[in-house]
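J.: Residue numbers (numbering that gives the first Met the number 0), protein chains in the order written: chain A, 0 to 254; chain B, 0 to 264.
Calculated directly from the structure, the hints in this document are not laboratory data.
In this text, all values refer to a predicted model and were calculated from it rather than measured experimentally.
Incorrect hints may appear among the rest.
Straight-line alpha carbon distances no greater than 25 Å define the calculated DSS-like cross-link-like pairs of lysine-lysine that follow [to be verified]:
| no. | chain 1 | residue 1 | chain 2 | residue 2 |
| --- | --- | --- | --- | --- |
| 1 | A | K5 | B | K121 |
| 2 | B | K189 | B | K107 |
| 3 | A | K5 | B | K107 |
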Amino acid sequence: MLQKIKQYHFLFTELVKRDFTKKYKRTVLGMAWSILSPLMTLIIMWLVFSNFFGTSMEHYVIYLFTGQLVFAYFTDSTNLCMNALVSNASIFTKVNVPKYLFLLSQNVSSLINFCLTLILLFIFSAIDGVTFTWKFLMLLYPIICLITFNVGMGMILSAFFVFFRDMQYLWGVVTQLLMWMSAIFYTIDTFSYKIQLLFLANPIYLYIRYFRKIILDGVIPTPQFHLLGAAYALIALALGTYVYRKYNHEFLYYV
Amino acid sequence: MRSVLKVNNVTIRYKYGDFRDIGLKEWTMRKLTHRYHVEHFLAVKNVSFELFEGDMLGIVGSNGAGKSTLLKAVTGVMVPTSGTIERDGRISALLELASGFDGDLTVKENAYLRGAMLGYTKKFMNSAYDQIIEFAELKDFEERPFKQLSSGMQSRLAFSIASLVQPEILILDEVLSVGDGAFQEKSAAKMMEIIKSGAVTILVSHSVEQVESLCTKVLWLNHGEAIALGDTKGICELYQSFLSGNPDALQEASNRWGPGKESLT
Chain A
0 MLQKIKQYHF
10 LFTELVKRDF
20 TKKYKRTVLG
30 MAWSILSPLM
40 TLIIMWLVFS
50 NFFGTSMEHY
60 VIYLFTGQLV
70 FAYFTDSTNL
80 CMNALVSNAS
90 IFTKVNVPKY
100 LFLLSQNVSS
110 LINFCLTLIL
120 LFIFSAIDGV
130 TFTWKFLMLL
140 YPIICLITFN
150 VGMGMILSAF
160 FVFFRDMQYL
170 WGVVTQLLMW
180 MSAIFYTIDT
190 FSYKIQLLFL
200 ANPIYLYIRY
210 FRKIILDGVI
220 PTPQFHLLGA
230 AYALIALALG
240 TYVYRKYNHE
250 FLYYV
Chain B
0 MRSVLKVNNV
10 TIRYKYGDFR
20 DIGLKEWTMR
30 KLTHRYHVEH
40 FLAVKNVSFE
50 LFEGDMLGIV
60 GSNGAGKSTL
70 LKAVTGVMVP
80 TSGTIERDGR
90 ISALLELASG
100 FDGDLTVKEN
110 AYLRGAMLGY
120 TKKFMNSAYD
130 QIIEFAELKD
140 FEERPFKQLS
150 SGMQSRLAFS
160 IASLVQPEIL
170 ILDEVLSVGD
180 GAFQEKSAAK
190 MMEIIKSGAV
200 TILVSHSVEQ
210 VESLCTKVLW
220 LNHGEAIALG
230 DTKGICELYQ
240 SFLSGNPDAL
250 QEASNRWGPG
260 KESLT
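Just chain A, with the same shape it has in the complex (with noise of 0.2 Å):
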């Protein structure tokens, strides 16, 4: 057992370091680049948002950025990992080595990517005049929660589009969807509150939601919106397992 995962650690540490060459090679800027995208993305936001539309919020760039933050992992994150099976077709039908590396390594990549930008919105919440407390520290949880649901929803993705190859695109849509469903430039104050319940059933949501409680209220959201959190992931997460599981000796068929 032991020799086991000292087997695969060296093939999943040779993965990640595959993948992320791949990703950064052939871009000039490389690693900035990765950075410089969602900036650019967030003060495109910021200049509608608050001159166009006159939004006059403390701590806009903030609230726009922790949505921005989040939601861009979890679309990074699972289109990657979508491709992670057909991608490494070559590999998985002629040497017999677990599938769900693939998708690990490129979620490594895209949970990298996350950290940098998580970097950049402490030093823009600095500047902010944001106060920092202890509180921060619990970001940990909805970052571990969003990791979870993330490499739950990239198992799925990726088994699908194994079978369905046009999942690009309707996934594109569904992202879509949950974008406007996930409130990142707007408040949803001004609804009932049945309808801001509502907006709790979206996991994506939930996870800005945490992070704004934290970073911009300074408040740790109640047990209950944990356990919600904590069950979308795991939900993810074992739907993903039961997925690789049923279909592990099937998918060579059809790649």
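Starting from the known structure of chain A, arrange chain B on it as the hints suggest.
T.: Leaving out everything else, chain B in the frame of chain A:
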């Protein structure tokens, strides 16, 4: 003698049909109009064999006989529909050599990645890397992107990585014919070294002479069925005669070395 690989009544049902590369929309439409068909066929039918230390098994058969499918089951890439495969030792497979490499990565990066895929440790790769590159004669190409190599060079690298570990079970699918003459000689010598060191080797080849000169046992597959297993010389002669258009050779081979006819040890 220690039994290294035991294949018991392995049957593999292969799935095929026009279900590949279709989208959800297409799938839904076909399901609704009852035009979605998945066919199955038995690529390998009830094949058994057992290999002991030092054995070298040659598998012969025409295209579509199930040779590659059987090998995939042996390596664990495919799971047999029924039957079992018992392996005792590390498997190193050279199936379609150059595939599974990444064209954008350098030779060195690819060597490490392939080594990791074959289950080597990092420590082993660090110590064996120079040896691999030297054996593959790619010293001047280490930092080149893999796609710039010729296909001969690619196969040389693949062979060097897979053969250096002294695997207990080595699987070679049409790979002895890689590289130029000099490298072929070298790789054949390397192979003999591995075989002599007590490993089990399975060789799939279309070259009957090659099988005849190297192997200690032969398995003849035809449409997924094991026609004959055992004596190298006799089966190779009949297979050669079958290839040159003598259909009775198949029956004769089956009568003499068919399943159950010959003690496998």
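J.: Does the structure break any of the earlier hints, and which numbers would those be?
T.: Hint check: nothing fails, all pass.
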